[in-house]
Amino acid sequence: MCSYITERAGMSGSAKGPRGWARIDQANVYYDHPYHAPLDHSLNIDFLGGQGEEQTRVAVEMSAESARALVKAILAALEQGDAAHPVEAGR
Amino acid sequence: MTYEGMLAETLVVRGHGGDEIEAYYARPLGAGPYPGVVVIHHMPGWDEWTREVARKFAQHGYAAIAPHLYSRSGPGSPDDVAARARAEGGVADDQVVGDVGGCARFLRAQPYANGKVGVIGFCSGGRQTYMVACRLPELNAAVDCWGGGVIVDDPAQLNDKRPVPVIDLTPSLGCPLMGLFGNDDTNPNVDQVNRTEEALKRHGKGYEFHRYDGAGHGFFAVDRAGYRPDQAVDGWSKVFAFYGKHLTGSAG
Numbered sequence: 001m002c003s004y005i006t007e008r009a010g011m012s013g014s015a016k017g018p019r020g021w022a023r024i025d026q027a028n029v030y031y032d033h034p035y036h037a038p039l040d041h042s043l044n045i046d047f048l049g050g051q052g053e054e055q056t057r058v059a060v061e062m063s064a065e066s067a068r069a070l071v072k073a074i075l076a077a078l079e080q081g082d083a084a085h086p087v088e089a090g091r
Numbered sequence: 001m002t003y004e005g006m007l008a009e010t011l012v013v014r015g016h017g018g019d020e021i022e023a024y025y026a027r028p029l030g031a032g033p034y035p036g037v038v039v040i041h042h043m044p045g046w047d048e049w050t051r052e053v054a055r056k057f058a059q060h061g062y063a064a065i066a067p068h069l070y071s072r073s074g075p076g077s078p079d080d081v082a083a084r085a086r087a088e089g090g091v092a093d094d095q096v097v098g099d100v101g102g103c104a105r106f107l108r109a110q111p112y113a114n115g116k117v118g119v120i121g122f123c124s125g126g127r128q129t130y131m132v133a134c135r136l137p138e139l140n141a142a143v144d145c146w147g148g149g150v151i152v153d154d155p156a157q158l159n160d161k162r163p164v165p166v167i168d169l170t171p172s173l174g175c176p177l178m179g180l181f182g183n184d185d186t187n188p189n190v191d192q193v194n195r196t197e198e199a200l201k202r203h204g205k206g207y208e209f210h211r212y213d214g215a216g217h218g219f220f221a222v223d224r225a226g227y228r229p230d231q232a233v234d235g236w237s238k239v240f241a242f243y244g245k246h247l248t249g250s251a252g
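The listed protein sequences correspond, in order, to chains D and Z.
For what it's worth, our numbering labels the leading residue of the first sequence as 1, then goes sequentially.
For what it's worth, our numbering labels the leading residue of the second sequence as 1, then goes sequentially.
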């Protein structure tokens with residue numbers, strides 16, 4: 001891709017990185033060359049929290065197929081959650 | 001047996017606006033004279049592979065410096081810094097010109113330098129290579145490895161940081177240019193490579209393009225599925241022949 005095209009999603013949650021757990025407030029999502037995964041292109045998500053030097057980043061790089069499977073799994077889990085108990089919204 | 005050795009290290013150079021930026025520098029241990037090469041990293045950042053490329057040039061008798069173009073988005077590990085730079089919309093073309101120019105000055109200032117400096121870049125760095133070759137007349141040779149975005153088909157790609165289609169700078173290209181491309185690449189695709197070549201011809205520029213069947217984007221990268229050993233070995237031989245001709249004065 002070699003582009004800077006990045007999708008952004010606001011987040012409310014936590015992620016565990018090298019310095020332990022931290023709050024995250026944004027996810028940057030892009031399909032481009034990975035840094036680590038042995039793929040030509042990958043779906044990359046940076047879970048971010050905070051600003052500047054104290055910013056937390058938890059990164060994942062996965063194949064497009066993996067990403068689609070993940071999306072399905074997330075939606076399925078949410079549906080199951082909806083059925084069992086109302087999913088918290090707007091937080 | 002002839003002694004061989006190299007020194008490879010990180011250091012700080014003056015880049016655009018006199019800013020101090022990080023760089024990785026590899027050079028043969030010897031009196032020289034050695035030509036210089038500025039290695040422009042690809043979009044994922046100032047990674048291990050970029051350093052390997054610098055050391056490869058040192059192995060072949062070049063002093064090679066790879067500036068960390070995302071330095072200003074640091075500190076942090078190169079991948080974290082690259083993610084931050086990406087979130088900021090990437091680096092500005094003017095800044096890249098200043099950073100590469102600073103590296104060229106650093107190379108020429110070394111006592112073992114032969115005074116000639118080339119540039120090579122990969123992926124987004126291929127586009128930046130084409131750009132700096134058009135904007136820095138002091139460069140002696142440029143190698144664009146599958147640089148996407150030289151041709152801008154979607155005006156939305158232009159912004160304050162990258163305001164001008166690089167192809168429009170072709171009349172100012174000041175040194176011989178070599179391009180390496182995979183015919184299965186989608187960015188740049190074959191049509192875009194054709195149009196780039198047409199512009200070079202139209203403006204009477206010295207260039208050589210090598211296009212590889214069975215290869216896509218980034219086919220030099222040994223740790224990616226797109227690695228193509230035959231094409232990569234041939235491509236590297238073309239790079240060293242090109243630099244041998246234009247930076248050392250002797251082919252090979």
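Calculated from the structure, these hints are not laboratory results.
It should be emphasised that the depicted structure is a prediction, and the values quoted were computed from it without experimental measurement.
Incorrect hints may have been included.
Some chain D residues well away from chain Z (every beta-carbon gap over 12 Å; in silico) [as the list claims (entries may be wrong)]:
| id | residue |
| --- | --- |
| 1 | Gly13 |
| 2 | Lys16 |
| 3 | Gly17 |
| 4 | Tyr30 |
| 5 | His33 |
| 6 | Pro34 |
| 7 | Leu39 |
| 8 | Ser42 |
| 9 | Asp46 |
| 10 | Ala59 |
| 11 | Ser63 |
| 12 | Arg68 |
| 13 | Val71 |
| 14 | Ala73 |
| 15 | Leu75 |
| 16 | Ala83 |
Just the calculated beta-carbon pair ranges, DEER-fashion [to be verified]:
| id | chain 1 | residue 1 | chain 2 | residue 2 | range |
| --- | --- | --- | --- | --- | --- |
| 17 | D | Ser12 | Z | Asn159 | 42 to 48 Å |
| 18 | Z | Lys161 | D | Arg19 | 29 to 35 Å |
| 19 | D | Gly52 | Z | Leu158 | 47 to 53 Å |
| 20 | D | Gln26 | Z | Asp154 | 43 to 49 Å |
| 21 | D | Ile5 | Z | Arg108 | 46 to 52 Å |
| 22 | Z | Lys238 | D | Gly13 | 31 to 37 Å |
| 23 | D | Ser12 | Z | Trp236 | 24 to 30 Å |
| 24 | D | Glu53 | Z | Lys245 | 34 to 40 Å |
| 25 | Z | Glu88 | D | Ser66 | 24 to 30 Å |
| 26 | D | Gly13 | Z | Asp168 | 44 to 50 Å |
| 27 | D | Ile5 | Z | Asp168 | 21 to 27 Å |
| 28 | D | Glu54 | Z | Ala156 | 45 to 51 Å |
| 29 | D | Gln80 | Z | Trp236 | 18 to 24 Å |
| 30 | D | Ala83 | Z | Trp236 | 54 to 60 Å |
Note that beta-carbon positions come from the ideal geometry of N, C-alpha and C, so glycine has one too.
Status of each hint after checking the structure:
For Gly13/D, the shortest C-beta to C-beta distance to chain Z comes to about 18 Å, beyond the 12 Å cut-off, and the non-interface label holds. For Lys16/D, the non-interface assignment is confirmed: its Cβ lies about 16 Å from the closest Cβ of chain Z, beyond the 12 Å cut-off. Look at Gly17/D: its CB is around 10 Å from the nearest CB on chain Z, not clear of 12 Å, so calling it non-interface is violated. Distance check for Tyr30/D against chain Z: the nearest CB is about 7 Å away, which does not clear 12 Å, and the non-interface claim fails.
Look at His33/D: its CB is around 5 Å from the nearest CB on chain Z, not clear of 12 Å, so calling it non-interface is violated. Here Pro34/D does not stay apart from chain Z, with its beta-carbon only about 7 Å from theirs, under the 12 Å limit. Listed as outside the interface, Leu39/D is inconsistent with that label: its C-beta sits roughly 6 Å from the nearest C-beta of chain Z, within the 12 Å cut-off. Not every Cβ of chain Z is farther than 12 Å from the Cβ of Ser42/D; the closest lies at roughly 10 Å, contradicting the non-interface assignment.
Not every CB of chain Z lies more than 12 Å from the CB of Asp46/D, the least distance being 5 Å, so the non-interface label is violated. Look at Ala59/D: its CB is around 7 Å from the nearest CB on chain Z, not clear of 12 Å, so calling it non-interface is violated. With a cut of 12 Å on Cβ distances, Ser63/D falls inside the contact zone with chain Z, its closest approach being about 10 Å. Every beta carbon of chain Z lies more than 12 Å from that of Arg68/D, the smallest distance being close to 18 Å; the non-interface claim holds.
The Cβ of Val71/D sits about 21 Å from the closest Cβ of chain Z, beyond the 12 Å cut-off, so the non-interface label holds. Distance to chain Z confirms Ala73/D as a non-interface residue, since its nearest Cβ pair spans about 24 Å, more than 12 Å. Every Cβ of chain Z is farther than 12 Å from the Cβ of Leu75/D; the closest lies at roughly 26 Å, confirming the non-interface assignment. Every C-beta of chain Z lies more than 12 Å from that of Ala83/D, the closest at about 36 Å, which supports listing it as non-interface.
For the pair Ser12/D and Asn159/Z, the beta carbons lie near 30 Å from each other, so the given range of 42 to 48 Å is not met. Between Lys161/Z and Arg19/D the beta carbons are some 31 Å apart, a value that agrees with the proposed interval 29 to 35 Å. Our hint of 47 to 53 Å for Gly52/D and Leu158/Z is violated, since their Cβ atoms are close to 29 Å apart. Checking the proposed 43 to 49 Å range against Gln26/D and Asp154/Z shows it is violated: the Cβ atoms sit about 26 Å from each other.
Take Ile5/D and Arg108/Z: their Cβ atoms lie about 37 Å apart, and the range 46 to 52 Å is violated. Separation of Lys238/Z from Gly13/D is about 50 Å and departs from the stated range, judged on CB atoms against 31 to 37 Å. For the hinted restraint 24 to 30 Å between Ser12/D and Trp236/Z, the CB-CB distance of approximately 49 Å leaves it violated. Evaluation of the 34 to 40 Å hint for Glu53/D and Lys245/Z yields a failure: the beta carbon distance comes to about 46 Å.
Restraint check, Glu88/Z to Ser66/D: a C-beta distance of roughly 27 Å satisfies the suggested window 24 to 30 Å. The hint said 44 to 50 Å for the Cβ distance between Gly13/D and Asp168/Z, and at roughly 45 Å that hint holds. Restraint check, Ile5/D to Asp168/Z: a C-beta distance of roughly 22 Å satisfies the suggested window 21 to 27 Å. Checking the proposed 45 to 51 Å range against Glu54/D and Ala156/Z shows it is violated: the Cβ atoms sit about 34 Å from each other.
A beta carbon spacing of about 53 Å between Gln80/D and Trp236/Z contradicts the range 18 to 24 Å that was offered as a hint. Range check, Ala83/D to Trp236/Z: Cβ separation about 58 Å, and the 54 to 60 Å hint holds.
Checked against the numbered hints above, the structure breaks hints 3, 4, 5, 6, 7, 8, 9, 10, 11, 17, 19, 20, 21, 22, 23, 24, 28 and 29 and satisfies the rest.
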